[in-house]
Amino acid sequence: MVLDELAIIVVRGFGLGSIFALVAMSMNITYNASHIINFAQGNMFVLGGFLAFLIADILVGIPMWIIMIPVAGVVLAAIMTLQGWVTLLPLRHSVEQHSWLITTMAVSIMIGALMLIFQGPWVSTVNSPLPPFMVFGVRTPAPYAAISVLMFVWFFGLRWFLSKTLTGLAISALSQDLEAARAAGLKVKRLQLLSFTISGLVVGSAGFIAAPIISIASDTGIRYVLNGFIAAVVGGFGNNLGALIGGPLVGIVAMVATYEIGGQYQTFVSLLLLVGVLLLRPEGIFGRTAARRV
Amino acid sequence: MATQAIAAETGHRGARLNSDIPQLIIGVIVVAATTFIPDIAGNPYWTHSFQLVNLFICAAVFQNLLMHDAGQASFGQSAIFGMSAYMAAIATGMHGLNYGIGMVIGVLASVVGGLLFAGPALRVQGYYLGFVTLSAATVFPELLIALNKYTNGINGISIPFPTWHKEVFGLSMLSLVIVGVTCASLAFHVWLRSTGFGRAMRIAAASPEAAQSLGINTGLMRCLAFTIVSAGTGVAGLLYPPIVGFVSPSAFNLEISIVFFLAVIVGGRGQILGPIVGVWILYLLPNVLLVELVNFRLLAYGTLALVVMLLFSDGLIGSFERWRLRRNQSTQRVNIHLDGLLGPVRTVGARAPRTEVAIDVKKARKTFGSVIAVDDVDMQVMRAEIHGLVGANGSGKTSLLNVFNGFSRLNAGSVTINGADITRLSSNRIAKLGIGRTFQTPRIFNAMSLWENLEIGLDANTGKSVAPADVLAAMKASMGEQSVDLVPHGQRRMIEVMRAVLMGADVLFLDEPAAGLSPGEREEFKNLLRRLRDEMGKTIVLVEHDLQLVWDVADRITVLEAGKMVASGSPTEIAGNPSVRKLFIEPTHA
Amino acid sequence: MLDVKNIYSGYGNVPVLRDVSLSVKAGEILLIVGENGAGKSTLLRTIGGFIKPERGSINYAGSEIGGMAAEDISVLGLRLVLDGHRVFPELTVWDNLRLGGAVQKDKAAFDKAAEEVFTVFPILRERLKQPARDLSGGQQQMLALGQAFVAQPKVLLCDEPSLGLAQALLPPILNFLRGWAERGTAVVIVEQHIDIALPVADRAMVMERGHVKLTCAAKDLKDELRKASAVHA
Chain A
89 MVLDELAIIV VRGFGLGSIF ALVAMSMNIT YNASHIINFA QGNMFVLGGF LAFLIADILV
149 GIPMWIIMIP VAGVVLAAIM TLQGWVTLLP LRHSVEQHSW LITTMAVSIM IGALMLIFQG
209 PWVSTVNSPL PPFMVFGVRT PAPYAAISVL MFVWFFGLRW FLSKTLTGLA ISALSQDLEA
269 ARAAGLKVKR LQLLSFTISG LVVGSAGFIA APIISIASDT GIRYVLNGFI AAVVGGFGNN
329 LGALIGGPLV GIVAMVATYE IGGQYQTFVS LLLLVGVLLL RPEGIFGRTA ARRV
Chain B
34 MATQAIAAET GHRGARLNSD IPQLIIGVIV VAATTFIPDI AGNPYWTHSF QLVNLFICAA
94 VFQNLLMHDA GQASFGQSAI FGMSAYMAAI ATGMHGLNYG IGMVIGVLAS VVGGLLFAGP
154 ALRVQGYYLG FVTLSAATVF PELLIALNKY TNGINGISIP FPTWHKEVFG LSMLSLVIVG
214 VTCASLAFHV WLRSTGFGRA MRIAAASPEA AQSLGINTGL MRCLAFTIVS AGTGVAGLLY
274 PPIVGFVSPS AFNLEISIVF FLAVIVGGRG QILGPIVGVW ILYLLPNVLL VELVNFRLLA
334 YGTLALVVML LFSDGLIGSF ERWRLRRNQS TQRVNIHLDG LLGPVRTVGA RAPRTEVAID
394 VKKARKTFGS VIAVDDVDMQ VMRAEIHGLV GANGSGKTSL LNVFNGFSRL NAGSVTINGA
454 DITRLSSNRI AKLGIGRTFQ TPRIFNAMSL WENLEIGLDA NTGKSVAPAD VLAAMKASMG
514 EQSVDLVPHG QRRMIEVMRA VLMGADVLFL DEPAAGLSPG EREEFKNLLR RLRDEMGKTI
574 VLVEHDLQLV WDVADRITVL EAGKMVASGS PTEIAGNPSV RKLFIEPTHA
Chain C
5 MLDVKNIYSG YGNVPVLRDV SLSVKAGEIL LIVGENGAGK STLLRTIGGF IKPERGSINY
65 AGSEIGGMAA EDISVLGLRL VLDGHRVFPE LTVWDNLRLG GAVQKDKAAF DKAAEEVFTV
125 FPILRERLKQ PARDLSGGQQ QMLALGQAFV AQPKVLLCDE PSLGLAQALL PPILNFLRGW
185 AERGTAVVIV EQHIDIALPV ADRAMVMERG HVKLTCAAKD LKDELRKASA VHA
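Same order as they appear, the protein sequences are chains A, B and C.
Reading the first sequence from the start, the letters are residues 89 to 382 in this note's numbering.
Reading the second sequence from the start, the letters are residues 34 to 623 in this note's numbering.
Reading the third sequence from the start, the letters are residues 5 to 237 in this note's numbering.
Rather than coming from a laboratory, the hints here were simulated on the basis of the structure.
Backbone N, C-alpha and C define an ideal beta-carbon position, used for all residues, glycine too.
It is possible that some hints are incorrect.
What the hints assert, rightly or not - Derived SDA-like pairs (lysine to any residue); straight-line CA-CA distance at most 20 Å:
#, chain 1, residue 1, chain 2, residue 2
1, C, K231, B, T474
2, B, K396, B, T474
3, B, K615, C, K56
4, A, K275, C, K109
5, C, K226, B, T474
6, C, K56, B, T474
7, A, K252, C, T96
8, B, K182, A, Y353
9, C, K133, A, Y353
10, A, K277, C, E75
11, C, K111, A, E371
Stated by the list, open to error - Computed footprint of chain A on chain B, listed as stretches where at least three residues anywhere in the stretch have a Cβ under 8 Å from a Cβ of chain A:
#, stretch
12, 156 to 167
13, 338 to 346
14, 558 to 567
Stated by the list, open to error - What the simulated footprint calls covered on chain A by chain C, stretch by stretch (three residues with Cβ under 8 Å from a Cβ of chain C suffice, anywhere in the stretch; the number is not a length):
#, stretch
15, 219 to 232
16, 294 to 301
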């Protein structure tokens, strides 16, 4: 492999991996607060990209684009808050604790279906407002860099929020000892709902920025939720630092696979990676088996 | 009355708990009618539609078996289904082999696929397995396209099936085969549940610990479940090419997996009619009503699944069943007693002097990280004695109990039970040596009838005689189809003890059996323990907080404190020990 | 302050409490003793809202709280300190205290209360920035009590503060509770080590197999127990 090819693989793989890391982080938030893993996270991410597609015509200039990033986050935050409410609803009174597996899957299907109805079975593309940059003389679309920046922004942002603010601390506390959290008077359901809202902010902004480099279609969400899940598992579920490392790792592996054996095997390679990690080290590379009280 | 295991019944007997047979009959009629009527009427559109619907029902039946009976969440059944369809199509359509040979290759391929799912399922469960199988369902059509040299890629394979469309008694061969296979799969599900193997599978899914304590290898059970389910799904897949005449990668995408999975949810997990109702609602209805609006089909799947989950979390048939059972609920309470079992075998009789060692613990040590849960414990339990194991919270009683029946392994030392060194054995192997266990929260399975809850003990019996066949038959008859819900709290523990007796265990480990018993039930329970010892010669190890009960009934008592054995001996011998006195709240006792 | 009447409660299908009543006044310490499995923890958990009582009433400061969620009860000022020194292991000592006082909206009152906690347990101040998992069991128990204290509840339920601790650590913890009660908080302590806990208590209650065996003044407990077991024998 020549050096410039390697550089391209690493840069693009890192960018792609940043997407996976962002999806993984957004899944970690809800997981930590409620032990729910949202199957719809991939379609939520694509929905963020779809938003960029919808307003592509009125979106002129970089300042406008920058303003729209938080707006996309807020829109998805609203959608995910609604989803969180629906998902948490049966858990209030039912003994069926795995209902979320089905409700989040159902919501995922509904989002995919709505996109199919609105845009048909085609893939939408969005042009990047930022100029491409050069890696060893090869033009590389700017979103690969922008999404990597966003990954770090969210990583440090979430770290600050979860360890410095009282609300963030409360969300962290839920995963550490739910009963003690309730005894301390923390409003569990409200905090869990909030975790969905924050998750929507992360995934919405990520989808919006990544829009030019992803395929926006009704059936692509599954790819992002799977790879996000794999990134989270590789890093250790619930651990954002793990996601920060696991995401780019999965992205680069996927990119190498694409170059070496062809893009059609990308998901297959990801699946092998997932099975490999689960068989060898289910707690993830950076996860440690937390001493959990029963 | 001696053979009666439950108290005489009066009044309303309540509804049948198990409605598998009526559901099967309805299911067979529905499947046969929907396939044959359009075929006889000569309507090719409806014939084709219902052939496909009933084929999907067949695959969903196995999804139901996998999800409810075996407790495995798989989103990858489309890949298993497609595997056999594609392999058979490749063998016949591309290599010109006879479809019979193609069918064999196809089913084998599906089973291999199923075992690939079982691998990760041994390590991880729940949503992890969900994501692995979900990936597999996504990868499968992609691989079919990528490997176009062998699969003809995106163009698919078309095969003519002239013989399958021949008419027999006015029906096409194909319709007959489809009805046969789908009805057989429904019947297979019902039959499997009534076997000991089927019960073992359900216990392994509902409570792995209980399963292991009954000698069931839960890992093997999962593998077998995946093998059976993929073979069945594979057989269903074989019929896809004859119905459609063509296979292509997109026919076996994730959407099909989701239809199978959600059909079971919407219809009702574990209900025999569930897959039928589910496939009708999720697949047939949108495809008929929204035939002009194909794009709305997916939206309908998602919305229906969500609405059903929020409104009827047991699925449609499941909710109906619950309503039926509640409406006909019997008001009577069932009283279980063990007289039926104890009566006839009273011959064991006379209490032998207790000199034979049943359990021998040498220098046992168990640590969890830096915590020493069991600290160099030496103790012996004699055959046919009741041995109390007491100590404060966290003193290591349950840790020791878990070592005895293999839930955790010693770091050092050894345990010999009935002369066999069990230190390194797995819990299911230990159970087979005749060692029974009950749990702090009784492992009672509400989805099974009272008798089935006991029968799983008999299933686990490795040939030890526990009671004459006529006694067991009478017990079964007296319990009929009673629901375990009718058994009062205190008596639920009796079910577990009885189960261990039926299993033929001669060493019983009881973990806090008296918790939640009323004073009257406590007295009965003490009698039961004594009779188990005196009349059946059982060796009983009792972990119990109710010290009064232990002191009343135990022959010898071992006291643990912070993982160490601090006293062991007869109740009177150790009563004066300061460590023992600390356990009692009264400053003066015994 | 707290008045519990005839409650029945349990876990799932296992009934534990049968017809249990108790009452505590502001400023009073009630010690609950009983053997393992007598239902002491179940009683505290039922009052604290972790278990829904099947029957009976739980009256706190004049209003019925039976069946309310644990977090809502805590906000009203009835605080349960769970057994086994439960703190948030990954958070620092200071963050643990902050979360403990999350229901306390008055910043000045919180600071004052935190300062008092540090005066009584200076080790917590020394280890302020360390994660709670690095504390010893005794220090974690101090932190757990500190978390409850900074919320300034009107009723404190304390489940086995000695569990897993060296006995020498118990007196300062119990003295802290004593001082707390003297300022008008109603305190209920479940404790196995009667000899150490009895001197700080005002009244004592003995539980046996899910019901109340006797209630008396703390100083009379030993005599009562002797009497009871004499009758037994």
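Hint check:
no.	hint	result
1	K231/C / T474/B	35 Å, violated
2	K396/B / T474/B	30 Å, violated
3	K615/B / K56/C	32 Å, violated
4	K275/A / K109/C	15 Å, holds
5	K226/C / T474/B	34 Å, violated
6	K56/C / T474/B	18 Å, holds
7	K252/A / T96/C	11 Å, holds
8	K182/B / Y353/A	15 Å, holds
9	K133/C / Y353/A	49 Å, violated
10	K277/A / E75/C	10 Å, holds
11	K111/C / E371/A	40 Å, violated
12	156 to 167	holds (count 9)
13	338 to 346	holds (count 5)
14	558 to 567	violated (count 0)
15	219 to 232	violated (count 0)
16	294 to 301	violated (count 0)
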